[in-house]
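Colleague: As they're listed, the protein sequences go chains A and B. For the first sequence, the residue numbers in this note's numbering are 51 to 393. For the second sequence, the residue numbers in this note's numbering are 25 to 542.
Read the hints as simulated data drawn from the structure, not as lab findings. From a predicted model like this one, the values you see are computed outputs, not experimental measurements. Treat the hints with care, since some could be wrong.
[Stated by the list, open to error] Simulated restraints, written as ranges between beta carbons of each label pair:
(1) B:E485 <-> A:G203: 25 to 35 Å
(2) B:D317 <-> A:A251: 41 to 51 Å
(3) B:N427 <-> A:A371: 57 to 67 Å
(4) A:R285 <-> B:A278: 44 to 54 Å
(5) B:N157 <-> A:T213: 31 to 41 Å
[What the hints assert, rightly or not] Here are some chain A residues the structure puts well away from chain B; computed CB gaps all over 10 Å:
(6) I94
(7) L109
(8) I199
(9) G218
(10) V255
(11) G258
(12) T260
(13) N272
(14) A276
(15) V292
(16) F322
Built from N, CA and C at the ideal position, the CB exists for glycine as well.
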Amino acid sequence: MPETKTALAAAAAPPAGQARRGGRIRLARLRDLALIPAIVVIAIVGQIVNPIFLQGDNLINILQTMSEISLLVLAQTVILVTGKMDLSLESTFGLAPGVAAWLTVAVGSGAGLGLLDGVWSVPITLAVGAVIGALNALFIVRFGLNGFIVTLGMLIVLRGLLTGISGGQTFFNLPESMLYLGTALWFGVPVSIWISLILFAGGIVLLGYTRFGRALYAIGGNVDAAKAAGIRTDRVLWIALVSASVIAALGGLMLSGRLASVAAAQGDGAIFTVFAAAVIGGVSLNGGKGTMFGAFTGILLLYMIQNVLTLAGVPAQWIQALNGAIILVALVLSRLTGGKAQE
Amino acid sequence: MAAHGDAPAAATGAGPARSGRPVAEAAHITKRYGETVALDDAGITIMPGETHALVGRNGAGKSTLVSILTGLQAPDRGEVRFGGEPAPRLADRDAWRARVACVYQKSTIIPELTVAENLYLHRHDLNRARLINWGRLRRKAAELLETWSVDVDVRSPAADLSVEQRQFVEIARALSFGARFIILDEPTAQLDGAAINRLFDRIRSLQEQGVTFLFISHHLQEIYEICDTVTVFRDARHILTRPVAELPRADLVAAMAGEATGLQEPSGRKPPAAEAPVVLDVRGLTSGDTYRDVAFQVRSGEIVGLAGAGGSGKTEVAETVVGLRAADAGTVEVAGRRPKPGSVPAALAAGAGFVPRDRHHQGFVPMMSIADNATMTIQDRLGSAGFISNRRRDELAEEMIGNLAIKTPGPELPVMGLSGGNQQKVVMARALANDPKLLVLITPTAGVDVKSKEFLLGKVEEVAEQGTGVVIASDELDDLRLCDRLLVMFQGRIVAEIPAGWHDHEVVAAMEGVNLNA
Ligand SMILES: Nc1ncnc2c1ncn2[C@@H]1O[C@H](COP(=O)(O)OP(=O)(O)OP(=O)(O)O)[C@@H](O)[C@H]1O
Ligand SMILES: [Mg+2]
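Could you put together the complete structure from these sequences and hints?
Modeller: Right, here's the structure in full:
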């Protein structure tokens, strides 16, 4: 609801004058690139701190560590643009590969049931993602429940399910097909990096250059107006929620493959980083604003900073606190560059 | 109610020759919102080629019918048909859009998106790879707006548009579909005279091409100007359908109001004494090209009109007075105090009250109740130590609802659920609530029906009699009639001061920059 902004706050901003208009457009475009200077600065600082930083191996390392969670950022961005949110993505990230492992890992190895052949693990993971997304959509779109509450409930339920089926333990001895995405290389670069980059490139095109993508923005901006323009808003939301969950499941699969295991806590707490990355990248929590490229720079910046801190020898125990501080600083900076209150 | 018939009779006689099946018809429509009955077995039949007016007081159910005719909502009972065929399923939005285009009363512009995208939302130009061709889309958008003489950069976000530009974007969009049936729900409420003429020229040329219109407006003269047939709704029911030519204005008003009272004579309010204290003193106010060197005073109990066409600067001057914008130079003194320029709270604290131009963005919080909205400016009077007494608030709100004849089941309804004109009354109620020393009204009766308009303006006179100084910025002569004097603005300057008792043509001429006395 764009019109819910409080009367006086909205009133206080004088309408933009003719003369300032050109400037505003350029600003709007620049906001997309707002994090590039910060990324350059971090790269320079990193290089000074430790000359390893800009070496190919380290860059690959950064991209690979962030690849799985970047899929969550991508999925969340699609949903945030429509003005909804999905907190349960982090649990889907763990549960989907967890169910696949549960059904395919041989009996005797942890909690595995060994019911199905290993080749089924990938389809099962994605199907679990789709089912979770459909459940979310059923509650949010069909029954009109509040997305925050629904997905908060789902977050807890799904996490509990994973703990339940695994008995709180970690699944090992995963089938070959679950390891592929996390371990294989294409042209010397890990597959998970390729997947992350390709999906983001696809996301940029989807959000920026397709009717479906623009419908997401329209819904986030003003649902009634979107409906009036002929957009089938419910269907678009269903597709968005289901694909986001499938992408989260894929991300989880990639992480399971890289670690060759599914821990009961896989993805636990990741949602905070995901939101931080999206918001720093310029995606509005109120919907209708933000780009996929911005979201990508957001998660990239966070992981570069983490890497620099590690290289600088900051003890792991402190990184958490610093991370929080960095997110706050980044928000303040984006407020300053964006010129408008963060919503 | 003798004139009440279930299915409105198809109009005969006047207007362009029309034949065949109705373009659109809605029959026996009932629609409820909770306990409010918005439509009660009402209907309308629109014949090909005609321009059909739909009139009725605020809350009569006009916009509800529009949302049903455009497939945004399903009726509880009743049926909609297009060209004799049953209407498409609600989910089939494309089918609806092929049959009817609409300018809704409530803005359907998405502020976050660019102007260009708003114009071509969901019908973007695609290239061979089925991706959006932004370049061509912008060019088309720019051309479209050029034909309407709307001068904006189509790449700027729609949030930057002025109210009038936004309205033109909506209109241009609706007319650009090439639909043969177009609904316009109060398209003129936010437009000034010149803009209305531009719109009417366009409507006439489309009429000649056989396009059918359903036209809703509270400006009855517009009905007589461009419509062939008129349907009146009252209290959710269909009252009558007649050729416009056979229904004189007085009968039309009587059908709307349900009583045979004509429009009231102006009250015998006397202008304030010359020694009354000055409540507004504006000196040397200048803001870029918008307005220059504006100076005037308003005394306690005086009603001063700021007249002027769109772009004359009258709205901006009024907005500066209440702190919605700041001037480059000059001073504004409210009741002897100089509130911080550009600060609404400071202006309110100094004793000003106001009705803004754009009620959706500046007037109210749509999800909050009528009671909360109407008492927003006087919360200190609702209880002590920062706590608000709900009982006290609802009492006050009930009183305002009664005073202003706001049509609602009760004070707890969110303002969102009110009809457009009734929302405007809530904004008005809020302005009147804190007994301001100075009341600034910007196009205060936009979207308000004729009877309520009279009523609201009567309230303004009452407030003035109690010693409030009033400024009315408007280009609607009806709003200005009660003023003790008019200041006419043209291209950013005050060009004439006209005492009460003017003739319409004098004021119209002055607003267009013609000086008849020179
Ligand atoms: N979403 C809603 N929720 C509750 N009540 C509603 C809603 N929409 C409309 N109403 C009620 O239905 C009635 C008819 O409203 P409608 O908007 O159709 O009036 P209108 O004839 O268009 O009036 P106006 O001239 O003021 O625009 C009003 O009493 C209004 O309060
Ligand atoms: Mg209406």
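Colleague: Determine for every hint whether it applies to the structure shown.
Modeller: A quick look at each hint next to the structure:
1. Range check, B:E485 to A:G203: Cβ separation about 57 Å, and the 25 to 35 Å hint is violated.
2. Look at B:D317 against A:A251: about 57 Å separates their beta carbons, and that is not inside 41 to 51 Å.
3. Range check, B:N427 to A:A371: about 58 Å between beta-carbon atoms, so the 57 to 67 Å window is met.
4. Taken as a hint, the range 44 to 54 Å holds for the pair A:R285 and B:A278, whose Cβ atoms sit roughly 48 Å apart.
5. For the pair B:N157 and A:T213, the beta carbons lie near 50 Å from each other, so the given range of 31 to 41 Å is not met.
6. Its beta-carbon lying about 34 Å from the closest one in chain B, A:I94 satisfies the requirement of being farther than 10 Å from that chain.
7. Distance to chain B confirms A:L109 as a non-interface residue, since its nearest Cβ pair spans about 30 Å, more than 10 Å.
8. The Cβ of A:I199 sits about 17 Å from the closest Cβ of chain B, beyond the 10 Å cut-off, so the non-interface label holds.
9. Non-interface call for A:G218 relative to chain B: holds, since the shortest CB-CB distance, roughly 43 Å, exceeds 10 Å.
10. Its closest Cβ contact with chain B, about 7 Å, brings A:V255 to no more than 10 Å, contrary to its assignment away from the interface.
11. For A:G258, the requirement that its beta carbon stay farther than 10 Å from each beta carbon of chain B is not met, with the minimum near 8 Å.
12. Look at A:T260: its CB is around 6 Å from the nearest CB on chain B, not clear of 10 Å, so calling it non-interface is violated.
13. Residue-level check failed: A:N272 sits 5 Å from the nearest beta carbon of chain B, not beyond 10 Å.
14. For A:A276, the non-interface assignment is contradicted: its Cβ lies about 7 Å from the closest Cβ of chain B, within the 10 Å cut-off.
15. Listed as outside the interface, A:V292 is consistent with that label: its C-beta sits roughly 18 Å from the nearest C-beta of chain B, beyond the 10 Å cut-off.
16. Residue placement check: A:F322 keeps its beta carbon more than 10 Å from all beta carbons of chain B (closest about 25 Å).
Of the numbered hints given earlier, the model fails hints 1, 2, 5, 10, 11, 12, 13, 14; all others are met.
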